[in-house]
Amino acid sequence: MATSTLGFAVSEPAVGDRRWDALRRAARARLAPLGAAVLLAAVVVALAAPVLAPYDPLAQDLGNALARPGRAHWLGTDNVGRDVLSRVIWGTRVSLVAGFVSVAIAAAAGGLLGMLAGYAGGRADGVVMRLMDAVLSFPPLVLALALGAVLGAGLTGVLLALGVVYTPTFARLMRGQVLSVKTRDYVEAARALGASGWWIAGRHVLPNAATPIVVQASLSVAFAILAEASLSFLGLGIQPPAASWGSMINAGRGYLQQAPWIVFGPGAALFVTVVGLNFVGDAIRDGLDPRLRG
Amino acid sequence: MAEVVLRRLLATVPVLLLVTAGVFALLHLTPGDPVDAMMAESADASTKESLRRELGLDRPIAVQYAAWMGRLLRGDLGRSIRNGEPVLENVSRRIRPSVQLALLAMAISLTIAFPVAIASAVRHNTGVDRLGTTFALFGICMPNFLLALLLIFVFGVTLRWLPISGYLDPLEEGWSGLRSLILPAVTLGLALAAVITRTLRSSLLEALAEDYVRTARAKGLSEWVVIRGHVLKNALIPVVTVLGLQLGTLIGGAVITEYVFALPGVGRLVVDAVFARDYPLVQGVILLIALGFIVSNLLVDVLYGYIDPRLRRL
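Just so you know, the protein sequences line up as chains G and Y, in that order. For what it's worth, numbering that gives the first Met the number 0 labels the leading residue of the first sequence as 0, then goes sequentially. For what it's worth, numbering that gives the first Met the number 0 labels the leading residue of the second sequence as 0, then goes sequentially.
A hint or two may mislead.
[To be verified] Label-pair ranges, simulated between beta-carbon atoms:
hint	chain 1	residue 1	chain 2	residue 2	range
1	G	ARG67	Y	GLY55	57 to 65 Å
2	Y	THR110	G	GLY196	34 to 42 Å
3	G	PRO239	Y	LEU5	50 to 58 Å
4	Y	ASP35	G	GLY201	44 to 52 Å
Just so you know, these hints were derived from the structure itself, not from any lab. C-beta: ideal position from N, C-alpha, C; glycine also.
Construct the complete structure from the given sequences, taking the supplied hints into account.
Listed below in structure tokens is the structure:
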């Protein structure tokens, strides 16, 4: 219980209670447990890849190339005899890193730019938002391709390219939130008390604007994983012989008739992970912001 | 209405300037400079230097940008390093398969999405609805290239019903041309159908709960007349929004689809140019794609005004 300025006792849910409420709402989503299980499994597989992978993902065994799935190789082997299951397991790392890190880059950069635009207003707002509009004028994959060409193939290039591609979404969201929060009474009060702009931004605006950012981030991870796989499939992401689901699928498409398992092993892993992350994203959205429920 | 379009057009100008600056920077951010990309490493320094002077690369960057913009405004997007032909010629040769693919994919997606979404909404919370929503989820989560390979495996490799790659112009070759586009168009169309189904279903459900629907039913209209005459029209706005938002995804999907099925379209041209480090071509094609994207979004905004008269005043 807290006491209002008028002396009434008002009930104010504690922060802990609100978090529990959000978690309860999230868990109530029908498919949330399935999504959470898939995400947990993916994280465990990514972290324990050296222990879980039955073979070295790069070790070639030309005498055993294109072997069918069986006891020795559960998902078969590829055209140079590498164990597909081991490569799928190691590929989980690349996918999760690409998904989470590129979205983290975009959320940080977009959040900062959106806050600058919303809080500073005027010319800074105009410049930042036109810049974001310019980035949004490119189809995402085409922009990522062009940036990938400039930054060079590899994980770093992909992370930065996807980070840039997703930044405007977060910047727009954050700006909208900041514009609505900065006129609230408690921000006016902080300003009247002489608090600096940065202090107000960090103490009052950011925590209140964070919810939609978290929701958007959770929904974006699945798409970032898909985008990384697409870039790797096109040959701009992770370079062979390193294992990435997209590049494995691309390498296997030439053997679709003789050895479809080269494509469908990593394909199934990619599909299941993206479906699971979508369930988790939806559940987080329902938990944190029930108004956005579809 | 004209004022809205004009205002929207004016707002596009600074964005277009930034887009051109970004695309111009693309060429100058690449490791080395365009001359290094154009000539072999073994070419001697004086030849490279004279080409640099000829291309104006020795001048300040702002002057280079102004000169490039001047050429752009005259319709000169530069020349490909590989074949020496103007970028516009390269693109115009490739545009036909891309447009045919996009139109066919759009037709397939609408043909699938409308009945599925209507059936899902009308039979809300039944097996039909669950089937519809599962289809939407499947389409949204399935990567384009994986779906393409799955279709190739089933209809090309196993059943041998359809060609798995290559392109014949349907306008010249008729049925065999259309056959070469079926798998790529289904690949692209299914993903779009999934997004439209999801959006249309939820906006139909919202519209079905409105009072005017109850009134229409109370008048004794059949369910189909209610859906067609009252519900569908009001549920279309979010679908147009989604179509606008999905244009970028459609273009990206077309890049991958053309790559997988070896279709000689604009998407394939971008990928080939990136791999050949043909930077002027990459620059030109990406600028054209961005322009097309901006114009399409503008058209979507104008379309809102026609569908919903209330938006004309905004």
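Now the hints, each set against the structure:
Taken as a hint, the range 57 to 65 Å holds for the pair G:ARG67 and Y:GLY55, whose Cβ atoms sit roughly 60 Å apart. In this structure, Y:THR110 and G:GLY196 break the distance hint of 34 to 42 Å, their C-beta atoms being roughly 54 Å apart. Hint check: G:PRO239 to Y:LEU5, Cβ distance near 52 Å, so the stated range 50 to 58 Å holds. Roughly 45 Å separates the CB atoms of Y:ASP35 and G:GLY201, a value that falls within the hinted 44 to 52 Å.
Comparing the model with each numbered hint stated earlier shows that hint 2 is the single one that does not hold.
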